[in-house]
Amino acid sequence: MLKPLLRAAFVIFGALSLGAATAQHEAHATDSTTAHAVATEVHAAAAAEGHSVEGHGEAKKKGFDAGKLILDHIGDEHGWHLWGHTSLPLPVILYNTQRGFSVFSSSRFEHGHKAHDGYMLHEGRVVAVNEDGEVDAHHATVNEELTKATWDISITKNVMSLLVSMALLLWIFLSIAGAYTRRAGMAPKGLQSFIEPIILFVRDDVAKSAIGPKYMKYMPYLLTAFFFIFLNNLLGLIPIFPGGANLTGNIAVTLVLALITFGIVTFSGNKHYWHHIFAMPGVPGWVLVILTPVEILGMLLKPFVLMIRLFANITAGHIIALSFFSLIFVFGETSAGAGYGVAIGSWAFTVFMAMLELLVAFIQAYVFTFLSAMYIGAAIEEPQHH
Amino acid sequence: MFLVTLSLVEPAFGLVFWMTLSFLTVLFILAKFAWKPILNSLHEREKTIEDALSEAKKAREEIANMKASNEDLMRQARAEREELLKEARDVRDREIATAKDKAKAEADAMLGRAREDIRNEKNAAITEMKNQVAELSILVAERILKEKLGDPAAQKALVDKVMTEADLRKS
Numbered sequence: 559m560l561k562p563l564l565r566a567a568f569v570i571f572g573a574l575s576l577g578a579a580t581a582q583h584e585a586h587a588t589d590s591t592t593a594h595a596v597a598t599e600v601h602a603a604a605a606a607e608g609h610s611v612e613g614h615g616e617a618k619k620k621g622f623d624a625g626k627l628i629l630d631h632i633g634d635e636h637g638w639h640l641w642g643h644t645s646l647p648l649p650v651i652l653y654n655t656q657r658g659f660s661v662f663s664s665s666r667f668e669h670g671h672k673a674h675d676g677y678m679l680h681e682g683r684v685v686a687v688n689e690d691g692e693v694d695a696h697h698a699t700v701n702e703e704l705t706k707a708t709w710d711i712s713i714t715k716n717v718m719s720l721l722v723s724m725a726l727l728l729w730i731f732l733s734i735a736g737a738y739t740r741r742a743g744m745a746p747k748g749l750q751s752f753i754e755p756i757i758l759f760v761r762d763d764v765a766k767s768a769i770g771p772k773y774m775k776y777m778p779y780l781l782t783a784f785f786f787i788f789l790n791n792l793l794g795l796i797p798i799f800p801g802g803a804n805l806t807g808n809i810a811v812t813l814v815l816a817l818i819t820f821g822i823v824t825f826s827g828n829k830h831y832w833h834h835i836f837a838m839p840g841v842p843g844w845v846l847v848i849l850t851p852v853e854i855l856g857m858l859l860k861p862f863v864l865m866i867r868l869f870a871n872i873t874a875g876h877i878i879a880l881s882f883f884s885l886i887f888v889f890g891e892t893s894a895g896a897g898y899g900v901a902i903g904s905w906a907f908t909v910f911m912a913m914l915e916l917l918v919a920f921i922q923a924y925v926f927t928f929l930s931a932m933y934i935g936a937a938i939e940e941p942q943h944h
Numbered sequence: 075m076f077l078v079t080l081s082l083v084e085p086a087f088g089l090v091f092w093m094t095l096s097f098l099t100v101l102f103i104l105a106k107f108a109w110k111p112i113l114n115s116l117h118e119r120e121k122t123i124e125d126a127l128s129e130a131k132k133a134r135e136e137i138a139n140m141k142a143s144n145e146d147l148m149r150q151a152r153a154e155r156e157e158l159l160k161e162a163r164d165v166r167d168r169e170i171a172t173a174k175d176k177a178k179a180e181a182d183a184m185l186g187r188a189r190e191d192i193r194n195e196k197n198a199a200i201t202e203m204k205n206q207v208a209e210l211s212i213l214v215a216e217r218i219l220k221e222k223l224g225d226p227a228a229q230k231a232l233v234d235k236v237m238t239e240a241d242l243r244k245s
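Sequence lines, in order, name chains P and S.
Count the first sequence with the numbering used here and you get residues 559 to 944, in order.
Count the second sequence with the numbering used here and you get residues 75 to 245, in order.
Worth double-checking, as some hints may not be accurate.
In the DSS-like style, the derived pairs of lysine-lysine whose C-alpha atoms are separated by at most 27 Å in a straight line are [what the hints assert, rightly or not]: (1) P/766 with S/106; (2) S/106 with P/775; (3) S/106 with P/747; (4) P/747 with S/121; (5) P/775 with P/860; (6) S/110 with P/775; (7) S/110 with P/766; (8) P/626 with P/672; (9) S/110 with P/772; (10) P/775 with S/220; (11) P/772 with S/121; (12) S/121 with P/766; (13) S/106 with P/772.
In case anyone wonders, no lab produced these hints; they're calculated from the structure.
Modelling step: build the complete structure from the supplied sequences, incorporating the hints.
Below, the structure is given as structure tokens:
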């Protein structure tokens, strides 16, 4: 579904930038780890379409599957792939209603080649198997019933990145809070003076303007959400560990954020707000039959759109950046010269995209927070006296 | 391919779990230990600045008021001084004028008297001179007559002469 589109984009782009010579080290300089990741994925990726490849070295033995690489990158994984064959093993935590808790290192799966403790990896997911202990994955048989009863709360790459970013948030803002109490009444300094305008921006241009006089109550959530999204958008742009995870582009993360906004809106909604949803004043009864479902749908759609917008924007950014790099290897498969030629264009476009993504990182954090504030503002708005 | 794409938009339970747990924890900790002191001190600083500004404004206004009242006082004092000076000038002018008048009148009187004296002296002198001249004339005439009338011929000639002149005067 995605692949034909990507391939078409590659061909058009490649035609534009084909023909030049050596620029691979430039590409390495800008985004070396992504390039590394791409290079190593070349080993790992299975030849899905059976390109005829004449090989020199291991890298050319299998076809390069850009779609799989990109989806692997923007998705989640047990263990954190660092470079080459090195990955950081992360704890796998499973709860099964029949088997109870199982906790072990993700290295026990051996990248999906082994089953451990009655579980194995299948297409990136943990599934329950009938065999116990260390078994080769090819000999294991999946137990559908037990799989359904398994809850996977492993520290995956995204969870790890989430914890790292939370620790960063705590460290940054607790130290800044310390600075505020230590230097009370004085001009901001250092990190404080970098963060303060952003806090003021969220307070004055987001909370105050969208919520009104009662904004103070919602400031903690708006600030936390803003800085969480902004920080993770930025971390996602850094290709090296502990950045590079696609956390704010993960639907689970945006779902939780949107649900919290929805919860706040629902719990702070006043009589006026619910009255407008269930019985729009000044509308005849028979119209309400149509209008009320629409209003309820609108109420639910707001957080849904919040979720999709952040997810889609950040994921799209990652897909584009990776596509430009995959391009190098797609062309490199046909001839090394073409690969080098495309590398120049890819490098330039990736730099351009990185600049754009910096802007998007801020804009999406702003948009999410501002829309959340707008919805809260609409829920607590007092009726105007006519 | 399609399966993987689907998993992209299907929230994973583990991540939802960890995200909810850690986000709410961090939200709670930050709300209590970071956002509260930060927002409070921001608010306080803004208030301090605002207060300082409004105080400065008040002080400025006070100074302006004081300046205005000072200026009023100054203006009054200046007006009073002007008045006093004017009065003094008037008094002096009047004094000078009367003094001048008096002096002039006295001088005039003195001059009048002096003129009178001069005239009197002159008249006396003229009268005396006339008397002396008359006496001298008589003396001279006597002498001449004594001299001339000793000779008869001369007497005759004189009588003729007088006669001629008398004639001439008559005609």
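(request) Provide an ascending list of the numbers of those earlier hints which the structure does not satisfy. (result) Violated hint: only 10; rest satisfied.
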